[in-house]
Each structure stands twice: as structure tokens, then as C-alpha cells.
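Student: Each chain, letter by letter, is given below.
Protein chains: 2
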Amino acid sequence: MIKKIPHRLYLTEDQMPTQWYNLRADMKEKPEAMLNPATGKPVQPEDLYPVFCEKLAHQELDDTTRYIDIPDEILEMYKNYRPSPLCRAYNLERALETPAKIYYKFEGNNTSGSHKLNSAIAQAYYAKEQGLKGLTTETGAGQWGTALSEACCYFGIPLTVYMVKASYEQKPFRKSIMETFGAAVIASPSSTTEAGRKILAENPDTTGSLGCAISEAVEKAVTTEGYKYVLGSVLNQVLLHQSIIGMESAKAMEILGEYPDIVIGCAGGGSNLGGLIAPFMRDKLTGKASPRIIAVEPASCPSLTRGKFVYDFCDTGKITPMAKMYTLGCTFTPSPIHAGGLRYHGMAPIISKLYHDGYMEAVAVEQTKVFEAATFFAKYESILPAPESAHAIRTAIDEAIKCKETGEEKTILFGLTGTGFFDMTAYNAFHEGTMNDYIPTDEDLQKGFDNLPKIPGIQE
Amino acid sequence: MIKKIPHRLYLTEDQMPTQWYNLRADMKEKPEAMLNPATGKPVQPEDLYPVFCEKLAHQELDDTTRYIDIPDEILEMYKNYRPSPLCRAYNLERALETPAKIYYKFEGNNTSGSHKLNSAIAQAYYAKEQGLKGLTTETGAGQWGTALSEACCYFGIPLTVYMVKASYEQKPFRKSIMETFGAAVIASPSSTTEAGRKILAENPDTTGSLGCAISEAVEKAVTTEGYKYVLGSVLNQVLLHQSIIGMESAKAMEILGEYPDIVIGCAGGGSNLGGLIAPFMRDKLTGKASPRIIAVEPASCPSLTRGKFVYDFCDTGKITPMAKMYTLGCTFTPSPIHAGGLRYHGMAPIISKLYHDGYMEAVAVEQTKVFEAATFFAKYESILPAPESAHAIRTAIDEAIKCKETGEEKTILFGLTGTGFFDMTAYNAFHEGTMNDYIPTDEDLQKGFDNLPKIPGIQE
Numbered sequence: 002m003i004k005k006i007p008h009r010l011y012l013t014e015d016q017m018p019t020q021w022y023n024l025r026a027d028m029k030e031k032p033e034a035m036l037n038p039a040t041g042k043p044v045q046p047e048d049l050y051p052v053f054c055e056k057l058a059h060q061e062l063d064d065t066t067r068y069i070d071i072p073d074e075i076l077e078m079y080k081n082y083r084p085s086p087l088c089r090a091y092n093l094e095r096a097l098e099t100p101a102k103i104y105y106k107f108e109g110n111n112t113s114g115s116h117k118l119n120s121a122i123a124q125a126y127y128a129k130e131q132g133l134k135g136l137t138t139e140t141g142a143g144q145w146g147t148a149l150s151e152a153c154c155y156f157g158i159p160l161t162v163y164m165v166k167a168s169y170e171q172k173p174f175r176k177s178i179m180e181t182f183g184a185a186v187i188a189s190p191s192s193t194t195e196a197g198r199k200i201l202a203e204n205p206d207t208t209g210s211l212g213c214a215i216s217e218a219v220e221k222a223v224t225t226e227g228y229k230y231v232l233g234s235v236l237n238q239v240l241l242h243q244s245i246i247g248m249e250s251a252k253a254m255e256i257l258g259e260y261p262d263i264v265i266g267c268a269g270g271g272s273n274l275g276g277l278i279a280p281f282m283r284d285k286l287t288g289k290a291s292p293r294i295i296a297v298e299p300a301s302c303p304s305l306t307r308g309k310f311v312y313d314f315c316d317t318g319k320i321t322p323m324a325k326m327y328t329l330g331c332t333f334t335p336s337p338i339h340a341g342g343l344r345y346h347g348m349a350p351i352i353s354k355l356y357h358d359g360y361m362e363a364v365a366v367e368q369t370k371v372f373e374a375a376t377f378f379a380k381y382e383s384i385l386p387a388p389e390s391a392h393a394i395r396t397a398i399d400e401a402i403k404c405k406e407t408g409e410e411k412t413i414l415f416g417l418t419g420t421g422f423f424d425m426t427a428y429n430a431f432h433e434g435t436m437n438d439y440i441p442t443d444e445d446l447q448k449g450f451d452n453l454p455k456i457p458g459i460q461e
Numbered sequence: 002m003i004k005k006i007p008h009r010l011y012l013t014e015d016q017m018p019t020q021w022y023n024l025r026a027d028m029k030e031k032p033e034a035m036l037n038p039a040t041g042k043p044v045q046p047e048d049l050y051p052v053f054c055e056k057l058a059h060q061e062l063d064d065t066t067r068y069i070d071i072p073d074e075i076l077e078m079y080k081n082y083r084p085s086p087l088c089r090a091y092n093l094e095r096a097l098e099t100p101a102k103i104y105y106k107f108e109g110n111n112t113s114g115s116h117k118l119n120s121a122i123a124q125a126y127y128a129k130e131q132g133l134k135g136l137t138t139e140t141g142a143g144q145w146g147t148a149l150s151e152a153c154c155y156f157g158i159p160l161t162v163y164m165v166k167a168s169y170e171q172k173p174f175r176k177s178i179m180e181t182f183g184a185a186v187i188a189s190p191s192s193t194t195e196a197g198r199k200i201l202a203e204n205p206d207t208t209g210s211l212g213c214a215i216s217e218a219v220e221k222a223v224t225t226e227g228y229k230y231v232l233g234s235v236l237n238q239v240l241l242h243q244s245i246i247g248m249e250s251a252k253a254m255e256i257l258g259e260y261p262d263i264v265i266g267c268a269g270g271g272s273n274l275g276g277l278i279a280p281f282m283r284d285k286l287t288g289k290a291s292p293r294i295i296a297v298e299p300a301s302c303p304s305l306t307r308g309k310f311v312y313d314f315c316d317t318g319k320i321t322p323m324a325k326m327y328t329l330g331c332t333f334t335p336s337p338i339h340a341g342g343l344r345y346h347g348m349a350p351i352i353s354k355l356y357h358d359g360y361m362e363a364v365a366v367e368q369t370k371v372f373e374a375a376t377f378f379a380k381y382e383s384i385l386p387a388p389e390s391a392h393a394i395r396t397a398i399d400e401a402i403k404c405k406e407t408g409e410e411k412t413i414l415f416g417l418t419g420t421g422f423f424d425m426t427a428y429n430a431f432h433e434g435t436m437n438d439y440i441p442t443d444e445d446l447q448k449g450f451d452n453l454p455k456i457p458g459i460q461e
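Each protein sequence line maps, in turn, to chains A and B.
Under this note's numbering, read the first sequence as residues 2 to 461, first letter to last.
Under this note's numbering, read the second sequence as residues 2 to 461, first letter to last.
Here chain A stands alone, though its shape is the one from the complex:
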């Protein structure tokens, strides 16, 4: 145990975790099985082989193995940027005059700018191991595409990225970074797929959507010999890979002789949240500790706080298996808020189940309050946070202020998932006072609920 807690603790290579932790193994009630939309039957690994590579299909459905060894080749690339630091926010604490101790795990110190790289490396590695000829994916804001480009470049796997046309045009530098790492970046919708051509024929001027980009990426994968599709969030396998965040955090906290009273993460698809909370939720599931665990979502896309816990498609195009999760309906279109990474209609099935079963809390926060927190944090901690990450900052600050009021010296840990260099349009809007706090009405949400799938015998 270290007596004087440093501003930043980096584990040594010897201390780095060498296993992922599979949260599902300790859940007494498992997340409900994914369903094959054609048959309404639970999905088997083989059902996923056409889309995912085999090892990942098995990881997707494995809800019993607690710890999974991280292959050496993955650990080797992790060492290009990991361990990430566990930071003590001394300056923020002083500024807030709070008795709380605030820690954050900073995942932005890599070229992709976010935690996405943790799963991208794993997925690219398994693709190489299976001898695949290439991968496809989609990207919205571009962090996932960047991360996967880095990983595929490292392992020598060709990659095609379908990038939502609006982002392709607004964020040309994101595209350039992916190209620097050798990826082929295609604006979606495109004429390279049936799905893209159909949408272009109907609406030649569309700027695309994530749903459409997913459809194109999946189609390209299943119609190209030796290609598979990979996804950066929501999936069980992604949460598994992201557990490296939590495992490092728990190890660092142990070295410091600390344990969090409250663990806070922003929640879009749920990948960073699922990764950060993994070992702390394990302790809660196994009765070893009982930290509060809080998911923070945008008030404009409130899947946990205002969604329904039902079966739904993971994509707008309704081509994926159906998962039971908190959802606003796969046809729900969030307002064009700036925190791009949190604009997902659903929530990872693991997170949904844990929330449903009372193991965690959820709060929804408004955008301007998020940016207030982001700029306050930047001033004292000298890091420009991604808008997504700033949702967690907002709630961490709110909890620290409560500690000031009550005098409680709580230990708060939050996930700082990434940096905001490519989100300056949003920061500009905040500075200029043109940012608004759109909150969907009940009627808006009902439209999404009306389109939820009907599954005979399961969900009528």
C-alpha cells in the first residue's frame, strides 16, 4: 500500500491484469438469451458465425467462464498504451471544497482518443487468428473506426469502415486518421452495397445514419469471402474486453488501499460502463462489497431511465439478433445532440439486466450541465474531456457536492473515457450559448415503443 496517494498511478507491466473478467458468470440471473429474429429461438454460436469470427461468437454467448486469459499478442499491443492511469483529482477536489476523494480512470491517452481500442485490438486479433481476409465495421463519431483502424493496421488485417456520411463530411480529419492506419473509409450510404443503393435511390441527399452504416457493413462482410463484421459496443464480448478498465482500476485502488463508495460511468451502448464497473459489480454480486454504481445517460436519449426492458433489435435496420434490453425502440431517432457516442437507442443487455435487478442506479443529465462540468474539470485537471465522458464528470461533481453538504468523506471513482479534440463544434455551441437541452416528450418516446418487435409467445 502506497502512503502518499499520487496524482496518477500507473500500474507496472508486472501488475497489469492478464485476464478479462466475465461479469455474467457471477450473475445469479443471467441476461436473457439473444433471439434469432427468423426463428424466435435463442441464438447458438453457429448462428453468429456468418457475421462474427468464431472465438468472438463463443465469447458472446459464454455466461459461465469467470476469467478469460488475454492472449499474449493482445497484451503486447495493449502495452503500446496501457496501463492507463488512475488519477486522483486533487485539483478538482480543492476547487469543489469537497471532503470526497475523487478518482478517475483516464482512457483517453491513446491515438483513438478513447477506450474503444481495448476491444478493437481483441477483435482484430481473433480475426487474424482465424485467418480472415478482412473486417468491416461502421463508425459514427469516428472513435471506434479509429481504434479499429489502429488495431487492424497493427495485425495486418484489411479493414473497410462505413462512416456515416454526415460525419464523413464534417470530420474529414477522423477519416484521414483511419486512412493513415490503412483503412478504406466509405461514406454511408454508398453504392457498394445493396442496402446503400436502396437508400440512395429513395433519398439521394441523405446524410446517412448509424443504422444504415451497420446494415452496409454487415452486408459487405457476409457477401465478401473471408470477411467478418465487428462492432464496438453493446455486445457481451465488447464488455468482456473492456473489463480491462475495471480490472486495472481495482488493482490500482488495492495498491492505494482504497475502495470506491460510488462508481460512475457514462452510458451509451454500455461498453465503457460495463468494463469499468466489472470487478466492483463482481464484489457486489458476490456479497464482498456494496458500492453504489451509477450509469449516466443523456436526457435526450434516456434508454435506462425512460426506456422499456424488452426484446429489441440492436440496429435500426432490424437485421441483427434481438436482445432483451432497456430500449427506446430501434426506430427511435435521438435529436442531433453533440455527445455522439451516447446516441444509442438501447443499452447493453448485461447492464440492462443488472439495472433491472436493482444492482445499479441510473441518472439522465442535460447537455448544458454536462458541458459546464466539462469546462470546470478542464480548468483544474488540464484534460479536455470528450462530451460522452463529461456525463460521468457531471454526476461525479454532483456527488462530491453532496458530500460537501453532508460532510461525508466518500471515495468516488468515475470513468474518463476519452478526449474531446474532435468535439469542438459542441464546445463552441456551449461557449456561444447556442446549445440546447432537448428532452424527448412522452409522445416522442411512444413512437419508438410502437415499433418494438412482436415475438409470438414471448413478446406480443
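Calculated directly from the structure, the hints in this document are not laboratory data.
Warning: the hint list may mix true and false statements.
Since the list gives no way to pick out one identical chain from another, each pair is judged satisfied if it fits inside one copy or across any two copies.
Calculated cross-link-like contacts (lysine-lysine; reagent style BS3-like; alpha-carbon spacing at most 30 angstroms) [to be verified]:
#1 K134 - K380
#2 K80 - K4
#3 K285 - K31
#4 K252 - K4
#5 K5 - K80
#6 K5 - K129
#7 K5 - K252
#8 K289 - K4
#9 K80 - K252
In this text, all values refer to a predicted model and were calculated from it rather than measured experimentally.
Start from chain A and add chain B according to the hints.
Tutor: Then chain B, alone, in the frame of chain A:
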């Protein structure tokens, strides 16, 4: 001593240097005195007070104190992002099949994206300590402006940044980041100064220049009560602050039981280079070791390899003191190459003197070769380097390839000064094959030399 050398070594807070090292103290022949352009006499601290704050004026002229304690307040902010990692480039070594051991000190893991923050913090702190009401500076590519914004925000000092209009328009996100940190950012030339108004009257459509921005920033500082001017490179004080890079590197190497045979840094104004090499040059000056030390400059702006070692102005506007340095003449206009940070007509006087006296080597490299090295490095080390930093990568790779040819197992250390997120226009040009390797002709250089200042009795 650590037996298995990790991919990244972070010093612990206890191991972090608490003193800057002043290289001049160990130079048997000191850099020549700066001259007051009005009198032709050596500059005294008082001569600098109108422009610089007092502590910094003294640091500028102090060539005898070897070690200077870093104030606690500065150390506290350093801990927001330092120590920076010393990285072993295992993946790059494997890719090159070289017996050389390649290390790099990575200074890009902070919001400013470069090493500039090391001196920005010091300069902002001393301004606060002196009770100043504000600071002014100029910025070209924006790294320095970003760094100083962060530092001034942290210490609560108002900051006005004159940003070259071309960059202001081409890099709106750089401007937004500075504004997020509370800086006032003004496109230069502007109507806020005499210098700016004059230039605008002569040429209303000008996109500005660094020289003009410096003139405006200095004028604003000297004409505003309680304001001073700060500069991010070239100056002795800046090299002093940047010695933290070298001190950390030397300490980390000591822990690893290593010592570099070759130390390589990119060279624009010379601040990162001077900081990185400081302790190794100390060892060379004091006879303890004899590493090769190599400055890498762009072939398009070759101050060391093709410039003259004479007195010249530090700025294009000829308002600063004159320094003896390798220079292409303060009126030399480098081609609009993309590696913005290395487009300076001169070289820090300390570096110039050491190079002149044979303590170090210099090489000039062409831009396309630099970007080849940058993309190769990115593939294996998963970091997108700034074009400036990639000059050092180019030479490190070249030296490692030589080792492959000779079989020598040399230890190479280079400075990776920053990240390239804001330089994607240059990467694009490289990918698209539209990048060119402009090298000035002797006639081009002669124009700059023709405008060197004449100083009666000293330089006719």
C-alpha cells in the same frame, strides 16, 4: 535496476525531478550575450522587464546556476500530466529487424498535445507570482497557445493569444480549445494594435505571419498595464523549463540500467531538443559520457545545416533583442511546409553554440521521408506523431537501419514531442501524393542573409 524492460516506464511521483537543469552552467564557452538592438550592448535583466516578468528575465540571463528548484505550485500542475512515459519501441525494432534498442520519450499525452506545456506552466506561474494582470502571446500552429491557455486557466491569469490569421481560419478547433480554457483569441493581424493596423492598411487581405503576431503580442503587453509577453521556444528560459524532459529521461534510463549511444530530437526553435538533451549534453560537457547528439531539421528550413552563426533578431518584426545563433535571416520565409512548428528562421542560442563548438550533429530531412517514417511508426507503435516529432523518428529509423547493416546493438533515444491530430491536412497531402519536398536554393537563402543586421564593431 529493472531486469525486464517494460514497453513504457513511468517514474513514480517520488522519482520525478524537482529541479530544472541549466545547461549553460556547464558550458565552458557560454552562448554569446543577447544584444540590445538600440544600444548594441549586452542585455541586462532590467532591459527585459518591460516585456518579461522578472524571475523569467533572470532565468533568461543566468548562465551559472546549474540546478534550479521547480516551485511546488509548478510541480503540482506538472503532476496533472507528468511524468511522461519513456517508451521502448519493441514493435518498431521488430519491424525494422534492427539489433538497436530504440527508446522514445513521449510528450504528447496531454491536452496541448505537445511538450509546450512544460514551459507554459512555468511562465504562467511566475506571472501569477509577480501579481501580473494578464499575459499575451502569439501562436502559429496552435500548440503553444493551447498549452499557455491551459496553464493560465489553472493559475487564473487572463490571456490574450494572437493567432496567425491563416491558422485561425484553418484550425477553428484549436481556437475553440483555447477558448474553452478561457483565453481571448484574436486573429492576427488585428485592429487591436498599431502593428496590426499598419499591416492591415498596407495589405487588407493578408493571412498574417508569426512575425506579425509576435509584434502584436509584444505591443499589447507593453501597452497594457500589468501585462507581460511570453514566448514558447528559442529562449534560454524555455530550454531551462524543458529540461524536465531530459531529466525524466535520464532518470528512467538509469532505472533501466541503460544509457543512450545516440540522442535525437527535432529542431525548430530548439526548445524540445534543448530540454531532451540537457542531462546527456551535461555528461558530455563534463566528460562523463560521450553520446552522439543529433538535431533533425526540415530540409525546407535548414538553419543549422545551411544557416550562418551570426547575430540576428529573434522575430521578423525586428523588435526583440538580437541573439547569436544559426539563422537563415529573420526575413527568411520558409515555404508553407506542413510541419509548422519547425518553420523558424533561427535556432536557440544554446543549441547554436553547442553545435558550433562541435558537441552535436545536425541533419536536414525531406518532408515526404518524414511522413513515410511517421506512418511506419504509427503502424507499429499505435501513436499518430506530430509532423515535427516525425523528423526525429525519421533519423532514429535511419540510425536503427545502420545498426542492422553493421550489426551494432546501439541504444537510441529520441524525443516524440507531440501528436498529430491537428495536422491531418499534411497527412492527407502525403496519402494523396500531393506533398512536395521544397528545398530552398542558395539564392533563396542569400536573400535572407542579405538582411542580417549590421552591428558596428561586432557584425559589419
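Student: Look at each hint and say if it fits the structure.
Tutor: Hint-by-hint comparison with the structure:
Taking the shortest Cα distances, K134 and K380 sit within 30 angstroms of each other only across copies (18 angstroms), while inside one copy they are farther apart (46 angstroms). Within a single copy, K80 and K4 get their C-alpha atoms as close as 27 angstroms, and across copies as close as 17 angstroms, so both meet the 30 angstroms cut-off. Proximity of K285 and K31 under a CA criterion of 30 angstroms is satisfied intra-copy only: 15 angstroms inside one chain copy versus 65 angstroms between copies. For a Cα distance limit of 30 angstroms, the shortest separation of K252 from K4 qualifies both inside one copy, at 16 angstroms, and across copies, at 23 angstroms.
Taking the closest pair of Cα atoms, K5 and K80 come within 30 angstroms of each other both inside a single copy (26 angstroms) and across two copies (14 angstroms). When the C-alpha separation of K5 and K129 is checked against a cutoff of 30 angstroms, the pair qualifies only between copies, where the shortest distance is 28 angstroms, while the shortest distance within a copy is 44 angstroms. Taking the shortest Cα distances, K5 and K252 sit within 30 angstroms of each other both inside one copy (17 angstroms) and across copies (21 angstroms). In this homomeric assembly, K289 and K4 come within 30 angstroms of each other (Cα to Cα) only inside a single copy, at 24 angstroms, whereas the closest approach across copies is 37 angstroms.
Taking the shortest Cα distances, K80 and K252 sit within 30 angstroms of each other both inside one copy (17 angstroms) and across copies (21 angstroms).
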